[in-house]
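S.K.: Sequence:
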Amino acid sequence: MKHPQLKFDQLVISALALFLTVLFGLYVLPAPGTASAKMDAKAMHGLQVYNEAYSFFRDQHRMLRDRAAREKFASMWEHKHDNDPTLGTEDGLNHAINEMIWSLDQPYDYYYAVKGSSLRRSKREGTVSGIGASFSQKGVIEGIHALKDSGAKVRSEALEELLKIADERPLWVAREPRADEPAARAGLKKGDRILAVDGHPVKGMTAGHVVNDLIQGPVDTTVKLTVARDGSPTPLDIVIVRAKLRTHVVDSTSLSDGLTMIALQNFDSQYSDEELAEAIKAAVAGGGKGIVLDLRSNPGGDLYKVLAIAQMFIREGKVAELILRDGDEEITMIFSLTPDNIVVSRTSSDPSKKPETEIGPRDYPVLVPQNYAVAVLISGASASGAEMLSGALQVNHLATIIGTPSRGKGVGQVLHWIDNERRLIEATNLEFRPGGLPSDGVGIIPDVEVALPDGVDIFASPELDTQLNEARKQALAIASGQKPPLRSASEIIARREELKQLHADDFAQEQMMRKAILDGDFIPDDQ
2 MKHPQLKFDQ LVISALALFL TVLFGLYVLP APGTASAKMD AKAMHGLQVY NEAYSFFRDQ
62 HRMLRDRAAR EKFASMWEHK HDNDPTLGTE DGLNHAINEM IWSLDQPYDY YYAVKGSSLR
122 RSKREGTVSG IGASFSQKGV IEGIHALKDS GAKVRSEALE ELLKIADERP LWVAREPRAD
182 EPAARAGLKK GDRILAVDGH PVKGMTAGHV VNDLIQGPVD TTVKLTVARD GSPTPLDIVI
242 VRAKLRTHVV DSTSLSDGLT MIALQNFDSQ YSDEELAEAI KAAVAGGGKG IVLDLRSNPG
302 GDLYKVLAIA QMFIREGKVA ELILRDGDEE ITMIFSLTPD NIVVSRTSSD PSKKPETEIG
362 PRDYPVLVPQ NYAVAVLISG ASASGAEMLS GALQVNHLAT IIGTPSRGKG VGQVLHWIDN
422 ERRLIEATNL EFRPGGLPSD GVGIIPDVEV ALPDGVDIFA SPELDTQLNE ARKQALAIAS
482 GQKPPLRSAS EIIARREELK QLHADDFAQE QMMRKAILDG DFIPDDQ
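Take 2 as the starting number for the sequence shown in the working numbering and just add one per residue.
Calculated from the structure, these hints are not laboratory results. Backbone N, C-alpha and C define an ideal beta-carbon position, used for all residues, glycine too. One or more of the hints may lead you astray.
[Said to hold, decoys possible] The list that follows gives simulated cross-link-like pairs (lysine-lysine, DSS-like), each with its CA atoms no further than 25 Å apart:
(1) K290 <-> K139
(2) K516 <-> K474
(3) K191 <-> K165
(4) K139 <-> K225
(5) K116 <-> K43
(6) K81 <-> K139
(7) K204 <-> K190
(8) K116 <-> K204
(9) K225 <-> K245
(10) K225 <-> K165
(11) K245 <-> K116
(12) K73 <-> K116
(13) K116 <-> K165
(14) K165 <-> K290
(15) K204 <-> K191
(16) K484 <-> K73
(17) K43 <-> K73
(18) K501 <-> K516
(19) K225 <-> K191
(20) K282 <-> K516
[Said to hold, decoys possible] Here are the in silico distance ranges between beta carbons for each label pair:
(21) V285 <-> G521: 53 to 61 Å
(22) K73 <-> E317: 57 to 65 Å
(23) A461 <-> S76: 52 to 60 Å
(24) K501 <-> G218: 18 to 26 Å
(25) H201 <-> W418: 27 to 35 Å
(26) E169 <-> V240: 23 to 31 Å
(27) I494 <-> G521: 18 to 26 Å
(28) P463 <-> D199: 54 to 62 Å
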């Protein structure tokens with residue numbers, strides 16, 4: 002079966018996500034360019050890059066399938082920067098591309114500048130040059146909630162200050178490093194707080210800068226971490242040799258009640274399905290009662306990784322419908338599973354083209370036994386591929402969904418690398434419907450809605466994870482023979498309408514932030 006390059010990806014909660022994206026360099030804040038009498042070589046190159054982005058967007062975006070819409074888009078953007086010397090600057094080029102792609106007012110059209118593209122490529126390849134440790138920053142969640150509860154207007158300066166490392170917001174090792182990787186071999190431990198990198202104190206720096214720019218680095222070079230450790234009266238210096246590492250996206254934990262918790266971070270890594278299959282097989286071999294699949298904050302990833310993972314749970318049924326642009330056509334694709342095969346039907350909006358059906362062997366057999374209880378955790382930051390998988394399991398009555406409604410990103414993008422693969426464009430090309438159920442602008446509605454207590458960092462305080470506690474309760478009840486909880490149709494309809502309005506309000510806020518970025522201010526004074 003031929004697999005076109007389709008992609009599902011992120012943002013998470015609108016305002017904060019856009020702030021973080023800007024802050025960590027995926028977007029470069031615009032700055033006025035310096036005009037010159039004529040286009041120099043850099044500006045000419047910038048124009049070529051802009052034109053490449055424009056052409057891809059025009060030819061792939063689902064909003065531009067209609068000829069009249071394409072012609073209107075072309076009249077606005079095709080020649081707008083033909084004599085613009087500011088395209089010779091990084092800021093000017095990034096501003097021009099963002100202005101163009103944001104003009105369609107779609108929430109999930111992305112442009113990644115040079116640094117952001119490099120990070121995205123590493124995520125996709127599933128490798129990184131680093132030390133093999135997972136870091137988190139304590140106190141940020143509590144700080145955001147404190148700002149919100151204060152009733153004060155939140156501006157970019159306040160958020161930026163929260164993201165700086167401080168005594169009350171230390172950068173720490175959030176998970177025990179894997180035994181076979183450099184951090185563990187050098188003696189780094191879960192709970193260690195980072196005080197300095199190569200002798201430079203990290204206080205006042207952002208966590209992203211410390212991890213991406215200071216701790217990560219070229220293979221076979223060393224980095225010295227100065228850490229504070231509970232029980233040690235003085236700081237410890239730990240010297241670690243960097244290596245090219247596989248970035249693991251699955252964490253598996255055996256719980257005391259016979260359940261296994263499996264957290265899947267994303268579907269981007271080329272190893273995501275392999276890792277999850279290994280974790281499921283190990284859980285089943287251990288003879289437990291069920292699985293809690295944690296998709297909270299999972300932003301999505303590769304469509305075909307989602308389809309592969311769905312096969313581990315679904316013996317027979319519909320996984321998803323896709324409605325996508327193909328030139329001037331609208332194509333509806335339905336992905337279904339039988340015990341032995343995956344079946345893909347394809348119908349075109351062109352009445353002269355007959356429907357097609359393609360049948361191929363499954364990538365995976367069902368790995369989860371029928372007598373196993375399955376609970377799936379989702380949150381407002383679970384998006385795209387995470388919504389497709391959890392929605393498909395819910396529609397096929399194979400899992401109980403626990404948590405809060407998901408992001409509501411029921412669309413997917415196509416990817417295109419530009420500027421000799423130094424930059425990345427993602428254009429919204431399709432809508433997907435988990436198990437055939439529309440989800441864009443709504444999300445997946447849990448069977449049991451449970452929120453985390455305000456300000457709780459579940460890495461720092463796992464005992465306060467009310468969502469996991471509820472998932473364990475529901476999975477054990479199902480394992481003992483009880484029927485899973487069901488919400489009434491009227492309740493679901495009312496909840497869907499409420500979520501549609503909430504998502505519309507969120508996107509309205511994001512549009513204001515986009516305008517502020519393009520105007521040169523991050524957050525307007527009235528925000």
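S.K.: Against each hint, give a clear statement of whether it holds in the structure.
M.R.: Tested hints:
1. K290 <-> K139: Outside the cut-off at roughly 34 Å; violated.
2. K516 <-> K474: Outside the cut-off at roughly 46 Å; violated.
3. K191 <-> K165: Since the Cα atoms of K191 and K165 sit roughly 21 Å apart, the hinted pair holds (cutoff 25 Å).
4. K139 <-> K225: 22 Å, holds
5. K116 <-> K43: With Cα atoms ~19 Å apart, K116 and K43 stay inside 25 Å; holds.
6. K81 <-> K139: 46 Å, violated
7. K204 <-> K190: Distance of about 20 Å is within 25 Å: holds.
8. K116 <-> K204: Status holds; Cα separation ~23 Å.
9. K225 <-> K245: Between K225 and K245 the Cα gap is close to 17 Å, so the pair holds against 25 Å.
10. K225 <-> K165: 21 Å, holds
11. K245 <-> K116: Measuring from Cα to Cα gives roughly 19 Å; hence the hint holds.
12. K73 <-> K116: Violated, at about 32 Å.
13. K116 <-> K165: 20 Å, holds
14. K165 <-> K290: Violated. K165 to K290 sits at ~43 Å, over the 25 Å cutoff.
15. K204 <-> K191: Roughly 20 Å between the alpha carbons, so the hint for K204 and K191 holds.
16. K484 <-> K73: Violated - the C-alpha atoms of K73 and K484 are around 55 Å apart, more than 25 Å.
17. K43 <-> K73: 29 Å, violated
18. K501 <-> K516: Between K501 and K516 the Cα gap is close to 23 Å, so the pair holds against 25 Å.
19. K225 <-> K191: 17 Å, holds
20. K282 <-> K516: 49 Å, violated
21. V285 <-> G521: 53 to 61 Å: Holds: the Cβ-Cβ distance is about 56 Å, inside 53 to 61 Å.
22. K73 <-> E317: 57 to 65 Å: 45 Å, violated
23. A461 <-> S76: 52 to 60 Å: About 53 Å separates the Cβ atoms of A461 and S76, which means 52 to 60 Å holds.
24. K501 <-> G218: 18 to 26 Å: 46 Å Cβ-Cβ, so the 18 to 26 Å window is violated.
25. H201 <-> W418: 27 to 35 Å: 34 Å, holds
26. E169 <-> V240: 23 to 31 Å: Because 28 Å falls inside the window, the suggested range holds.
27. I494 <-> G521: 18 to 26 Å: 44 Å, violated
28. P463 <-> D199: 54 to 62 Å: For P463 and D199 the Cβ distance comes to about 32 Å; the hint is violated.
In summary, the structure is inconsistent with hints 1, 2, 6, 12, 14, 16, 17, 20, 22, 24, 27, 28 from the numbered list given earlier, while agreeing with the others.
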